[in-house]
Amino acid sequence: MKKVLEVKNITKIYKIYKNNFDRLKEVFTKKNYHKEFISNKNISFDLYEAETLGIIGVNGAGKSTILKMIAGVVVPSSGEILRHGRVTALLELGTGFNDQMNGYDNIYLNGTLIGMTNKEIDSKIEDIMAFSELGDYIYEPIMTYSSGMSMRLAFSIAIFSEPQILIVDEALAVGDAHFAAKCTKALRERKERNMSIIYVSHDLNSLKLLCDRVILLNHGEVTQMGEPEDVINSYNFLIAKLNDSEEKITIKNTDTNSFGTFDVEVVNAEILGSNSNSNVISAGENAILKLELHSNIGIEHLNIGILIRDKFGQDIFGTTTKNMGLEYKLHKDTKYQISFKFTLNIGAGKYSISTALAIGENHLDTCLHWLDNAAGFEVAGNYATEFIGLSKLYPTLSDLEIIDDK
Amino acid sequence: MKHNILLAFSFAKRDFKERYVGTGLGQLWYILSPIITIFIYTVIFSDFMKMKLNIIDNSYAYSIYLVPGLLAWTAFSTILMRLSTSFLEKANLIKKINVPMYTFQLSIVITEFFLFLLSIALGIIFLYLVKQPVTLTFLWMIPVMILQTIFVFGLGVILSLFTPFFKDLKEAVPIVVQLWFWMTPVIYMKEMLATKYPMLLVINPFYYFVEIYQDIFVFSKAPSLYSLAVITIMAFVTLAVAGLLYKKMIGTIKDII
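In the order they appear, the protein sequences are chains A and B.
Under this note's numbering, the letters of the first sequence match residues 4 to 409, in that order.
Under this note's numbering, the letters of the second sequence match residues -14 to 242, in that order.
Just so you know, these hints were derived from the structure itself, not from any lab.
All figures in this text were calculated on a predicted structure; none of them were measured in a lab.
The beta carbon of each residue, even a glycine, is placed where N, CA and C say it ideally should be.
The reader is advised that the hints may include incorrect statements.
Partner residues aside, some chain A positions facing chain B, computed with beta carbon under 7 angstroms [unchecked claim]:
1) Gly75
2) Leu94
3) Met146
4) Val225
5) Gln227
6) Leu329
Kindly produce the complete structure, drawing on both the sequences and the hints.
Right under this line is the structure:
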């Protein structure tokens, strides 16, 4: 396959000075006046024709800097970037628009800035206006546009400039679902015509859908590069580690969303995907929900319940151990641990888990401890067959038969 | 490189077309402002105040002396001031789009050079109206104007490279430009300086240009080889220095704007 971009040992060091005069002195002398901040360290990768490359990393990992260097607006401290073909970048909203001018004129302004000739724009302006769906707003000044509208215009120009490499930095996040879907479709079409894409997003689902390869950046270095599934799992692990240090103690503190006699308490709850090893789990992946209990009194017939809710607070799935025919006997002042293992056949999104400890049928009888938001998780990406919706069913198919109506 | 220069021309064209969009008189403003300048200095100085210069036999002699210097200075100072703040103005753009800064700077210079040509053409029409001879010698204006523009392009770029480091320059440049104007014999005659501060005429680079314009307008006198050599060397040395500094500093500037 043909290489369209070669990034060779790129390092970007931002120099921090006490004042601009020191900075200027250093341009002309050999003396050192600065402290260093390393934004990117020794990054190398190639991008091939028709490939979509994702870049992920936590905030401050150096994603934007590397994109800016590829786009050519920031000069690397050392290393080399070879571009074979036109590079168009959607770095931030309203890239290079003149606020005073209307949308139509801005198509020409922006188009020439990203390297199109006037003739090229003449032939594509109809398509650009149609794709942006701005209607008569195209003749209004850009300053009257919403952020979504200027993003739509910027994206439309970028995609019709037919670049060899398109850099998309979270720009799609601003549009509504309809436009996002349209962009995704347009990107796929261009990809079939050999366009390469570099895509940065925190939306793990779209990364898994669009990318052929993903790079994980951490502290300015490439820590992993490869299949989206694997890299995103490592990323989730990284995030989970970050969260761990902050969120371990939350259960104790959340008085508001727990109630009951507290004779037995849930002291910790944690859900992990068996592959991802974090709380970002693919649909169809096996997951383990671990609960830690502490009993203040001895008790018989303890019923343990769990409830998964989506971000709207809608119940997705709930069950109790009693439903499964099990009740437990607990001794006084003892710590217990129990795991629920299940296959997470639910759709993409963010979920929370509530837990309940009760004696009897459910928590309405004798509630020992009801705890909302004991743990949270996100379903992103998918194992095996694709699906849409909230739940993953496994239909089997019959043969396709001819109906004989006679 | 070639693409970027072409781009500068297309920006200049657009700038020129769009500057007066929305105004009632539209592109008429381009000729209106030099006409008004010429009108003020003719009517006020020659007709009302009866300022007379006895160097040539024309009742508008003082205006004829004034016009080329004023128009040349307007072009010179406009380019210098627009260039000196160009980085700060275009910061938003060059942080996001990979178009070299010199493209924008070149487009400013192209637009202003065109306006300079236009105003000088109007000045020559004025000469015709006041019956001052217009001869073939006036063709010397063109190369000298080009050299002036190259010189101020270099000077403006050098200034613009330092403004991101010292924001004070943005405030200081207009003041210095004003001082510079009054130190150049445009409104008054060079003799007034030559007796008291002759050095001021030697070290003022802009005077080498103005003197040529004034000699052409007033006496139809072609520039001497010496003065042509001086302005040519000044123009290209400044441009070369600007190019070198630009190359050296542009990376750092991109980090701080």
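We went through each hint and held it up to the structure:
1. Taking 7 angstroms as the C-beta contact cut-off toward chain B, the hint placing Gly75(A) at the interface holds, the least distance being around 3 angstroms.
2. Hint status for Leu94(A) relative to chain B: holds, with the closest Cβ pair at about 5 angstroms, below 7 angstroms.
3. Annotation: Met146(A) was flagged as interfacial toward chain B, and the flag is violated, the nearest CB pair being 14 angstroms apart, outside 7 angstroms.
4. With a least beta-carbon distance of about 23 angstroms to chain B, the hint placing Val225(A) at the interface is violated under the 7 angstroms criterion.
5. Because the beta carbon of Gln227(A) sits about 29 angstroms from the nearest beta carbon in chain B, more than 7 angstroms, this interface hint is broken.
6. Given hint, Leu329(A) at the interface with chain B, is violated; its Cβ is 61 angstroms from that chain's nearest Cβ, farther than 7 angstroms.
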